[in-house]
Each structure stands twice: as structure tokens, then as C-alpha cells.
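Could you slot chain Z onto chain S? The hints should help.
Below, each chain spelled out in residue letters.
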Amino acid sequence: MQENHKIKRFLSEVTDMNKLDEILKIWVTQTMDEELRDELSQTLNDQYGVKRTTGKGLVVRFIRPILVAAASLALLATLYVVYQNSVTANTLAMQHLESQTLKHPGGLKGVAKSDANRTRGILAFNNGNFEKATLQFEKIALPNEEDVHYLGLAYLKNGEYQKAIENLKKSTSEVSRFREEANWFLSLAYLLDDRDKDAIDQLEQIGKGEWRFDEARKLLKKLNN
Amino acid sequence: MERKNFGLTEASFGQMVVDLKVNDTRFFQKVFLEQFKETLNYIKREYGASQEDAYDATMDALLDFRKRFIEGKLKYGNLRFLFTKMSTQIYLQHKKNRQPVIEDFESLEESSNEQVETQAPESFKMAWQSLGANCKQLLTQYYYGAMRMTEIAKHFSKSPVTIRKQKERCVQKLKDLMLEIH
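Protein sequence lines, in the order shown, are assigned to chains S and Z. Oh and the first sequence: position 143 is 143 in my numbering, straight run, nothing missing. Oh and the second sequence: position 20 is 20 in my numbering, straight run, nothing missing.
No wet-lab data here; the hints were simulated from the structure. Some hints here could point you the wrong way.
What follows is a set of in silico ranges between Cβ atoms, one per label pair, in the way DEER data are often shown [unchecked claim]:
{"id": "1", "chain 1": "Z", "residue 1": "F156", "chain 2": "S", "residue 2": "D198", "range": "20 to 28 Å"}
{"id": "2", "chain 1": "Z", "residue 1": "D19", "chain 2": "S", "residue 2": "Q100", "range": "30 to 38 Å"}
{"id": "3", "chain 1": "S", "residue 1": "T88", "chain 2": "Z", "residue 2": "R164", "range": "43 to 51 Å"}
{"id": "4", "chain 1": "Z", "residue 1": "D19", "chain 2": "S", "residue 2": "R9", "range": "31 to 39 Å"}
{"id": "5", "chain 1": "Z", "residue 1": "G14", "chain 2": "S", "residue 2": "E174", "range": "24 to 32 Å"}
{"id": "6", "chain 1": "Z", "residue 1": "R164", "chain 2": "S", "residue 2": "K170", "range": "14 to 22 Å"}
{"id": "7", "chain 1": "S", "residue 1": "K103", "chain 2": "Z", "residue 2": "R164", "range": "38 to 46 Å"}
{"id": "8", "chain 1": "S", "residue 1": "N225", "chain 2": "Z", "residue 2": "K125", "range": "41 to 49 Å"}
{"id": "9", "chain 1": "Z", "residue 1": "R169", "chain 2": "S", "residue 2": "T43", "range": "29 to 37 Å"}
{"id": "10", "chain 1": "Z", "residue 1": "F156", "chain 2": "S", "residue 2": "R52", "range": "33 to 41 Å"}
{"id": "11", "chain 1": "S", "residue 1": "T101", "chain 2": "Z", "residue 2": "E34", "range": "23 to 31 Å"}
{"id": "12", "chain 1": "Z", "residue 1": "G14", "chain 2": "S", "residue 2": "E39", "range": "53 to 61 Å"}
{"id": "13", "chain 1": "Z", "residue 1": "D19", "chain 2": "S", "residue 2": "Q42", "range": "46 to 54 Å"}
{"id": "14", "chain 1": "S", "residue 1": "A116", "chain 2": "Z", "residue 2": "V161", "range": "26 to 34 Å"}
Some residues of chain Z that are not near chain S, with every Cβ distance over 12 Å (derived) [as the list claims (entries may be wrong)]:
{"id": "15", "residue": "L40"}
{"id": "16", "residue": "G48"}
{"id": "17", "residue": "G72"}
{"id": "18", "residue": "L74"}
{"id": "19", "residue": "Q93"}
{"id": "20", "residue": "S123"}
{"id": "21", "residue": "R164"}
Keep in mind the model is a prediction, meaning the values are calculated, not measured. Just so you know, even glycine gets a beta-carbon here, dropped at the ideal spot from N, CA and C.
In isolation and in its complexed conformation, chain S is listed as follows (with noise of 0.2 Å):
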């Protein structure tokens, strides 16, 4: 009741500065302290060994499924070596994909002409729903570069190659702030799409240095065999 409250006291158009001041002093520092909370403690996981639970009491207890799950991974791991000499490139791609976390950033200019399309799209976009994520960028009135090209990655994601084709091309220019993601994505989805020779053409683009280099040149032997 209390947080609706001051949500309507946010929203309004009556309230000053001040208020509004106070009230988004606690929220962002509520917001940014889960952030950096976060952000601390996988440091402290990865760079110091300290986690929030020690975990000692479940393996003397678990010993045996731990166990049995450790060979079950053992043998998985056997399988997948054995199994990625045989993966096509097309598998490979569709591995890149699904292991690849997509973010949308939030609207790159903060104080530009408000869409709610866009707005809509963003959040369906970091929630995972990509088939909404299309749907609300689609109806984006006057669509910039980024939304075109977060467009074609919700197509992508949604299983729609050649709609992401089509819009992630235009992102690859070389004036395009998206072009080395651009180049890697439209390459999955070429090859997504089985158009194996788009897809080696495109992989090629990708130079040393950039983006996903070492992935592409692993794909483009796999394609060339």
C-alpha cells in the first residue's frame, strides 16, 4: 500500500522536485545496491573462493548421487567429444546461439522522443520473450539503427532467419556501430537458414581481432571440410 502510494506520488504531475528527489534517491540506490551486491559476490566467488554458503554438509551428506552424477558427466563429456567430430557446422550454429545471452542495453539516447513500442520491446526482449521482443519493435513508428538491429536478433532468437537476414544486413555497413555483433549473428543465421555459402561469405568478414574471430574461423573449417 505504502509503495503504491509512493508510486502515485511519483507519477504525479502535482509533485516538486524534492519529493520526486527523495523518493528516487531510495530507489536507485535500492536498485544499483541489488547491482553491485551482485557484482560483488561474484568476485568474491571467482577471484577470492568465498561464497555465501560453504556447501561442506551436502557433500558429506550427497556423497553418493554427487558421486553418481560425477560419472554421469564423465560419460556425457566422452560422448560430447565423440559427438562434436561428427556436429555440422549448422548444429555448431545453432549451439552458439542457444549458449549466447542477449541484453538489450536500454535506449542508447536517454533523453530521445519516447516510444512505448520501444520500451515494450526492450523489456520483452531481456525477459527472453522474443516472439513479444518482434511484435513491439515492429511497431516502433520511426525505428533508429539499434532497433533494427535488435530486431533482427529477436528474429533470430524466435527462430526466424530470414527476417533476422533481412534486418541484421543492415547492420554490417562498415559505418554501423553493430557491424562485428552484426557480421557473427547474420552468419548463424545464414547458416540456420542452410544458406552454407551466405554463411562462409559472411564469416569471412569477421577479422582478427574482432568479435567472435576465433568462433568464426572454427566454423568456417567445419564448413569447409
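Then chain Z, alone, in the frame of chain S:
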């Protein structure tokens, strides 16, 4: 003196606070995360705390330290002692159902009252997520970094009036986004 302050000199302490105000937490993390385990172990050893409780208390103290730094409430002096003290008191507070433990750290009571606030509403979080990078940076510096308009203006090489107007537009943008989400 440096030993009492996690190896920080007075100058590097000042730089760390400046960095924190613009939300650059790298140096802060480097200094304090090295101390984290020692404090956590201290609470476990001295008070018999569980790993989770000691971890949460130390983490809360760390976030509170950041806030106190940017608000100018903590000075260079004996940070090591204060950090351990604060972590311990937070642990004891949690343990006693948030009953404040009044010791010699007078401003802790104020901090515990502030922590009663719930999380930011979901509609705000969603709006914040889709807010542009420039607006986010400016509002973060103002609300989270406790920077004054003049400091932010200097940081962006703009006039305070321009920054003030920009901030007002960003707040309006946040309101618009929240209305769209509702």
C-alpha cells in the same frame, strides 16, 4: 596508519571516494574484497555465526561503507577497525531481530532505520532498465554517488544549468517509462 586503512594512503583513499561518486567501484572492490574473508571469519570465530549470516552481515557493511564514503561520513582513520565493528554490529542486529545494539558507533542506528525501506518497485526497475545510458549515468551520479550538480557539470564539461535541465528531462523520461509499463 596505512595498515589500519587496508593499505590505503590518505591520497588513495581520497581517489577511491572520487571514483565511487562516479560509480567506478573497481578500486573499492580491490581494497575491501581482500578484507572480506578476514572479517567474515572473525564474525564466525568470535560469535559462532554461520557462513551465510557472517557473509550477509559483511556484505551489508560493505554496501553501507560505500554509502558513508560518498556522503563524506567516514574519514580516513581506522577503517579496518570500523569495518569489523560495523559488520559485527549488523550481524548482531540481524540476530536479535533488528533490535539495535547501541555501542560506540553512534550513526549505525540511523543507518538501520534507513534499511527498513523495501525494494524499489518492479515498475521502477523495469523503467530503469530501459532508460538510456546517458540518463542512467547522470541520475546514478546524482542519486547514488551523492554528487552535487556543480560536480556533475564539471565532470561532463557542461554548465550546471544544462545539467539541471538534463536531469529534469531524465526524471520525466523515467516517469514516462513507468507510465508506459503500468
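**OP:** Find the hints from earlier in the document that the structure breaks and name them by number, from lowest to highest.
**Re:** 1, 3, 5, 6, 7, 12, 13, 15, 20 and 21
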